[in-house]
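Chains A and B are the protein sequences, given in the same order. Numbers given in this note's numbering equal positions in the first sequence, counted from 1, plus 260. Numbers given in this note's numbering equal positions in the second sequence, counted from 1, plus 108.
Hint data in this document are derived by calculation from the structure and do not stem from the laboratory. Bear in mind that the values here come from a model prediction, so they are computed numbers and not experimental data. We treat Cβ as the ideally placed atom computed from N, Cα and C, and that holds for glycine. Incorrect hints may have been included.
To be verified - Here are the computed distance ranges between Cβ atoms for each label pair:
1. A/V309 with B/T717: 37 to 45 Å
2. A/T345 with B/G182: 37 to 45 Å
3. B/V682 with A/K764: 30 to 38 Å
4. A/A735 with B/L297: 33 to 41 Å
5. B/L703 with A/L444: 38 to 46 Å
6. A/V738 with B/R706: 23 to 31 Å
7. B/V180 with A/A735: 29 to 37 Å
8. B/P309 with A/T345: 53 to 61 Å
9. A/T769 with B/V180: 51 to 59 Å
10. A/M470 with B/V682: 45 to 53 Å
11. A/V738 with B/L661: 53 to 61 Å
12. A/A735 with B/D663: 55 to 63 Å
What the hints assert, rightly or not - Some chain A residues well away from chain B (every beta-carbon gap over 12 Å; in silico):
13. H285
14. E408
15. S502
16. P521
17. I712
18. Y797
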Amino acid sequence: MSASAVHSLWTTAAQQPVDSIPAPHIEYSQLAPMLIVVGAAVLGVLVEVVVPRKARYHSQLFLSVTALAAAFAAVVGLAATGHGTTKVQIAAMGAIAVDGPALFLQGTILLASLAAVFTFAERRLDPRAHGKHVDSFVAQAGSVPGGEGEQAAVRAGFTTTEVYPLMLFAVTGMLVFPAANDLLTLFIALEVFSLPLYLLCALARRKRLMSQEAAVKYFLLGAFSSAFLLFGIALLYGYAGSVSYARIAEVVDGSVRAIDPALAQTMGNDALLLIGGAMLLMGLLFKVGAVPFHMWTPDVYQGAPTPVTGFMAAATKVAAFGALLRLLYVVLPGLNWDWRPVLWGVAIVTMLGGAIVAITQTDIKRLLAYSSIAHAGFILAGVIALTPDGISSVLFYLAAYSFVTIGAFAVVTLVRDAGGEATHLSKWAGLGRRSPLAAAVFAVFLLAFAGIPLTSGFAGKFAVFKAAAEGGAGALVVIGVIASAIAAFFYIRVIVLMFFSEPKPEGPTVAVPSPLTMTTIAVGVAVTLALGVAPQYFLDLAGQASGFVR
Amino acid sequence: MDNLIALLIAAPLLGAALLLCGGRRLDGAGHWVATVLAFVSFLFGTVLFADMLGKAADDRTVQQQLFSWIPVEGFQADVAFQLDQLSMTFVLLITGVGSLIHLYSVGYMEHDERRRRFFGYLNLFLAAMLLLVLADNYLLLYVGWEGVGLASYLLIGFWQHKPSAATAAKKAFLVNRVGDMGLSIAVMLMFTTFGTFAFTPVLESTGETSEAMLTAIGLLLLLAACGKSAQVPLQSWLGDAMEGPTPVSALIHAATMVTAGVYLIVRSGAIFNAAPDAQLAVVVVGAVTLLFGAIIGCAKDDIKKALAGSTMSQIGYMVLAAGLGPIGYAFAIMHLVTHGFFKAGLFLGAGSVMHGMNDEVDMRKYGGLRKYLPITFVTFGLGYLAIIGVPPFSGFFSKDKIIEAAFAQEGARAWIFGGIALLGAGITAFYMTRVMLMTFFGKQRWQPDAEGEEPHPHEAPRTMTIPMILLAVGSVGAGAFFSIGDRFVNWLAPVTEFEHPHPVISVPVITASTIAVLLVGAALAYAMYGTRPVPVTAPRGSLLTRAARRDLLQDDFNHVVLVRGGEHLTRSLVYVDHTLVDGVVNGTAAGFGGLSGRLRKLQNGYARTYAVSMFGGAAVLIAATLLMRAV
Numbered sequence: 261m262s263a264s265a266v267h268s269l270w271t272t273a274a275q276q277p278v279d280s281i282p283a284p285h286i287e288y289s290q291l292a293p294m295l296i297v298v299g300a301a302v303l304g305v306l307v308e309v310v311v312p313r314k315a316r317y318h319s320q321l322f323l324s325v326t327a328l329a330a331a332f333a334a335v336v337g338l339a340a341t342g343h344g345t346t347k348v349q350i351a352a353m354g355a356i357a358v359d360g361p362a363l364f365l366q367g368t369i370l371l372a373s374l375a376a377v378f379t380f381a382e383r384r385l386d387p388r389a390h391g392k393h394v395d396s397f398v399a400q401a402g403s404v405p406g407g408e409g410e411q412a413a414v415r416a417g418f419t420t421t422e423v424y425p426l427m428l429f430a431v432t433g434m435l436v437f438p439a440a441n442d443l444l445t446l447f448i449a450l451e452v453f454s455l456p457l458y459l460l461c462a463l464a465r466r467k468r469l470m471s472q473e474a475a476v477k478y479f480l481l482g483a484f485s486s487a488f489l490l491f492g493i494a495l496l497y498g499y500a501g502s503v504s505y506a507r508i509a510e511v512v513d514g515s516v517r518a519i520d521p522a523l524a525q526t527m528g529n530d531a532l533l534l535i536g537g538a539m540l541l542m543g544l545l546f547k548v549g550a551v552p553f554h555m556w557t558p559d560v561y562q563g564a565p566t567p568v569t570g571f572m573a574a575a576t577k578v579a580a581f582g583a584l585l586r587l588l589y590v591v592l593p594g595l596n597w598d599w600r601p602v603l604w605g606v607a608i609v610t611m612l613g614g615a616i617v618a619i620t621q622t623d624i625k626r627l628l629a630y631s632s633i634a635h636a637g638f639i640l641a642g643v644i645a646l647t648p649d650g651i652s653s654v655l656f657y658l659a660a661y662s663f664v665t666i667g668a669f670a671v672v673t674l675v676r677d678a679g680g681e682a683t684h685l686s687k688w689a690g691l692g693r694r695s696p697l698a699a700a701v702f703a704v705f706l707l708a709f710a711g712i713p714l715t716s717g718f719a720g721k722f723a724v725f726k727a728a729a730e731g732g733a734g735a736l737v738v739i740g741v742i743a744s745a746i747a748a749f750f751y752i753r754v755i756v757l758m759f760f761s762e763p764k765p766e767g768p769t770v771a772v773p774s775p776l777t778m779t780t781i782a783v784g785v786a787v788t789l790a791l792g793v794a795p796q797y798f799l800d801l802a803g804q805a806s807g808f809v810r
Numbered sequence: 109m110d111n112l113i114a115l116l117i118a119a120p121l122l123g124a125a126l127l128l129c130g131g132r133r134l135d136g137a138g139h140w141v142a143t144v145l146a147f148v149s150f151l152f153g154t155v156l157f158a159d160m161l162g163k164a165a166d167d168r169t170v171q172q173q174l175f176s177w178i179p180v181e182g183f184q185a186d187v188a189f190q191l192d193q194l195s196m197t198f199v200l201l202i203t204g205v206g207s208l209i210h211l212y213s214v215g216y217m218e219h220d221e222r223r224r225r226f227f228g229y230l231n232l233f234l235a236a237m238l239l240l241v242l243a244d245n246y247l248l249l250y251v252g253w254e255g256v257g258l259a260s261y262l263l264i265g266f267w268q269h270k271p272s273a274a275t276a277a278k279k280a281f282l283v284n285r286v287g288d289m290g291l292s293i294a295v296m297l298m299f300t301t302f303g304t305f306a307f308t309p310v311l312e313s314t315g316e317t318s319e320a321m322l323t324a325i326g327l328l329l330l331l332a333a334c335g336k337s338a339q340v341p342l343q344s345w346l347g348d349a350m351e352g353p354t355p356v357s358a359l360i361h362a363a364t365m366v367t368a369g370v371y372l373i374v375r376s377g378a379i380f381n382a383a384p385d386a387q388l389a390v391v392v393v394g395a396v397t398l399l400f401g402a403i404i405g406c407a408k409d410d411i412k413k414a415l416a417g418s419t420m421s422q423i424g425y426m427v428l429a430a431g432l433g434p435i436g437y438a439f440a441i442m443h444l445v446t447h448g449f450f451k452a453g454l455f456l457g458a459g460s461v462m463h464g465m466n467d468e469v470d471m472r473k474y475g476g477l478r479k480y481l482p483i484t485f486v487t488f489g490l491g492y493l494a495i496i497g498v499p500p501f502s503g504f505f506s507k508d509k510i511i512e513a514a515f516a517q518e519g520a521r522a523w524i525f526g527g528i529a530l531l532g533a534g535i536t537a538f539y540m541t542r543v544m545l546m547t548f549f550g551k552q553r554w555q556p557d558a559e560g561e562e563p564h565p566h567e568a569p570r571t572m573t574i575p576m577i578l579l580a581v582g583s584v585g586a587g588a589f590f591s592i593g594d595r596f597v598n599w600l601a602p603v604t605e606f607e608h609p610h611p612v613i614s615v616p617v618i619t620a621s622t623i624a625v626l627l628v629g630a631a632l633a634y635a636m637y638g639t640r641p642v643p644v645t646a647p648r649g650s651l652l653t654r655a656a657r658r659d660l661l662q663d664d665f666n667h668v669v670l671v672r673g674g675e676h677l678t679r680s681l682v683y684v685d686h687t688l689v690d691g692v693v694n695g696t697a698a699g700f701g702g703l704s705g706r707l708r709k710l711q712n713g714y715a716r717t718y719a720v721s722m723f724g725g726a727a728v729l730i731a732a733t734l735l736m737r738a739v
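Isolated chain A, as found in the complex:
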């Protein structure tokens, strides 16, 4: 840009009278789910400050459950009054979309979080330490379970209840993420849910070093990917002169050519669009855990406290896929000849990579991490379909998958030996003989992961593959089925290990949980079977919710 041009920009800007900033118009009722949760999160911080230590656990639990339930009720209310179908609109000055996919995904996130918060609150699995109930979280960073540091912390009255507001903040970000209708809101939402998650990962009571390592890795790599995302946003702004989804889409379509003089040289430059779009995609693919941006997943899943892993594996995936769907269906549909082949490739390597590497895993949490990578690939196959069926199948899959995941990780928290959770697979040998119920429940989840009929996993996989095949991605479906076959191997292997191997003499025991975790597991099994036996109602629901607002 030449010096004279810059000069003229400044002068024209200076000549114009400065408008007073208009008061933003906020549709509170339509933003209620997010507002309730963020309000509760703020309240939670206050609770930490004001409420006596003894009462904090119950107050926080009550607050979280109430807020999540109320937010879910708000989502249901919005959906019932047609905000997901006939009265879709863009709220908050164009920042937030209130439409079918947003409401469906917000509902899913809220239910999953509700199930997860029960596992957060579980305090019966470990024996009491220093006369106090303990949960999965650490009260003080340097303390060792049962050690002096912990004892000092107990004596000082430190509690672990800050996880509840942290989780609520994360949920807030996740609710905004799939509804974000401009790139900046998207970025803010991403950071809002990522930062609390980094923290939560570091809070495991046992295996402190692993937990801290996981948090640091997650934070570093998350920041790295955020940088890509942000840079992509900048490039897209340069291309379209706006961060609004609708506006960018119009420029991509070519329906708007109004040149902002300040951006005269960059606007409409396809290189910016393509590079920016790719970087944006990369940021989101990182969050869903797609190959080759997946490498954080096993380390973080393994190191994080297991309740957090379950929450993160379920809810983050839902939110990130929601944002990805909106980006691809609203912003970049005009560009689909460019991004579809690329995402084809990503889906293929993700499905195969996740499934293949999972074969040789020996830790149940890492196994589930690779399984989640493979599932990200399956979901991507549905995303690529670019049809209404593709959207609804992905929505259904996400709902089904999140409950299976939370349930499975909840079972993992139960299998324990002297060192806490016994996650090494060799210790799971013969579990079915010692604790048939827990093993049977876990087997149900594994079968759902493998996509065996009469579980939600089958219905979901069938839906995405059908959508992908009808969307012209037959080859992708073939590879998906092959990857499913490979994946079935390691799921079934765990079942074989549990039921057909001799139990080890010093093997772990299954702790009897409080009704909290039991509720989570029961809900997981119920949803898994309900969505597997009678998926049609939910498929119809997802079908009704598959219209994006522009």
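Keeping the supplied structure of chain A fixed, place chain B upon it in accordance with the hints.
Just chain B now, kept in the frame of chain A:
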């Protein structure tokens, strides 16, 4: 009135359900429940028969649709019954003989602990057999076909504590599977060819179907008939089936079930009429089996196995007749009915002898029993006269007609098959005279058994003798009753076509030579077993005798060809499976496992490596996107 058809089947089915599910409470009265229900079924049969007689000859077929079984677009299977003269004949035979044998079993099985179960199985058999002959389509017939197979299996192996009985049951089941496979494939072919299973449309549209297809269906039906009716090459199970209780041998393995193959061929007459090659195969099977069974019958010392060989041979006659087409169908069925009477009577007589002889079956340890079992001797003797075809007993009429029909063919066939049928009559006379002489005449040869217990031959109780007497009446009079004025032929004619046979030699000559041949056979037997004492241990005998004692090497043949061959085949298939299939499968698995092991090394735990991977990924993503645009 039409509803009676369903009740006909329902009565024994109810009995089976009550007895098999009712538990110990029915131990005391169960056998009478079963017997009464069998008689009730017979009563329904006679009522239907009377009703049928009241109608015009062409209007006697009754059809009853019970419910739609598999109502699918393009595939209609109904549970529907068809009662015509052919099935009526079978209904009366099955329920009549069946009821008598139920009655007989009350005495025969009196001391068996599992009597209730035995009667449950017998009732189950009756229901399945009635379903087989009353079905109006091949699919339902198949259900009955499998049902009788199941009942037969359960009853042969009824004394399952004996390994020989358990093995015999398994053998019967396996050999029958081969035949059943033929029937199931035939039914499938029918469906693809005709689009339906029902008798009427299938049999009426044979004119529009290619002969090759009809030949295929016919051969498969013949295979089915061979299995169920113990015809060569699927004959091997019948001799071993004699391990079952004697009433079972009489009812299932002589009078009714083993004749199901004949029923199937006669019922499908229209198919065979249009497929001469299949028809010839039927005749050949019949002729071979009639000699095969007769020769085995000559060599057996076990009274039941001798009778089993005889059954095989007599069914061979029926199959031969059924293969002759319209000149033979009616005679096949007629012989089937008379055979039902006299063979059931013979078996019951054998059972009565065994009852009196501590279950001894070796005829060499009998001798002179006519003094001890006078009623058995008389009824058995009448059955004997009937089976060898002495006029005017019933076997004479029915067998003579078949021999006449066998002579009524073109060219050399007349002489070959007529000659075999004639020869068979002579051998029949031989082996039956042998049985008669060894059992009831000569010196008493019985000895104390293993426990040192001397048999005390005695006449059977009345529940056993009454059925024997009634069956003897049938053995004496049925043939004449059926033949005088061609009564039976005219009765069946509306269902099975009928043509008068025109033998190549005149009928009186055939009749005369039949009688001559049977006299020769009987005289020969008398010379060998009547004039000389019968040794208690069997002499070594000629090569043929020894082969016949081993059932003409049927089991050896099956063992060498089928069992060994099968073993070799499976072994080679297992080899292929292990090396090739498993090789590919395990190789794939190992390949993925190795790949997995290598890929997981990328996951080295260093955040810097992960970041590089992300950076590289982003670069590839961007490059690929740009490339897509460039292409």
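> Honestly, do A/T345 and B/G182 meet the 37 to 45 Å range at C-beta?
Replying inline: holds (40 Å)
>> According to the definition I'm using, a residue is off the interface if its beta carbon is farther than 12 Å from all beta carbons of the partner; does A/P521 meet that for chain B?
In response: Holds: least Cβ distance 27 Å, greater than 12 Å.
> Do the beta carbons of A/V309 and B/T717 sit within 37 to 45 Å of each other?
Replying inline: holds (42 Å)
> Does 33 to 41 Å hold as the CB distance between A/A735 and B/L297, or does it fail?
Replying inline: With a Cβ separation near 40 Å, A/A735 and B/L297 satisfy 33 to 41 Å, so the hint holds.
> Is the gap between the beta carbons of B/V682 and A/K764 within 30 to 38 Å?
Replying inline: holds (35 Å)
> Is the distance from the Cβ of A/T769 to the Cβ of B/V180 consistent with 51 to 59 Å?
Replying inline: holds (53 Å)
> Would you say A/S502 is clear of chain B, with no C-beta pair closer than or equal to 12 Å?
Replying inline: The claim stands: A/S502 keeps its Cβ more than 12 Å from every Cβ of chain B (closest is about 21 Å).
> Regarding B/V180 and A/A735, is the given constraint of 29 to 37 Å on their beta-carbon distance met?
Replying inline: Given about 35 Å between the Cβ atoms, the range holds.
>> Assuming the hint says 55 to 63 Å, is it satisfied by the Cβ distance from A/A735 to B/D663 or not?
In response: Holds, at about 57 Å.
> Beyond 12 Å from chain B, beta-carbon-wise, is A/I712?
Replying inline: Its Cβ never comes within 12 Å of chain B, the nearest being 19 Å, so this holds.
> Is it true that B/L703 and A/L444 lie within 38 to 46 Å of each other by Cβ?
Replying inline: Holds, at about 42 Å.
> Any Cβ of chain B at or closer than 12 Å to A/E408, or is the non-interface label fine?
Replying inline: holds (30 Å)
The structure agrees with every numbered hint stated previously.
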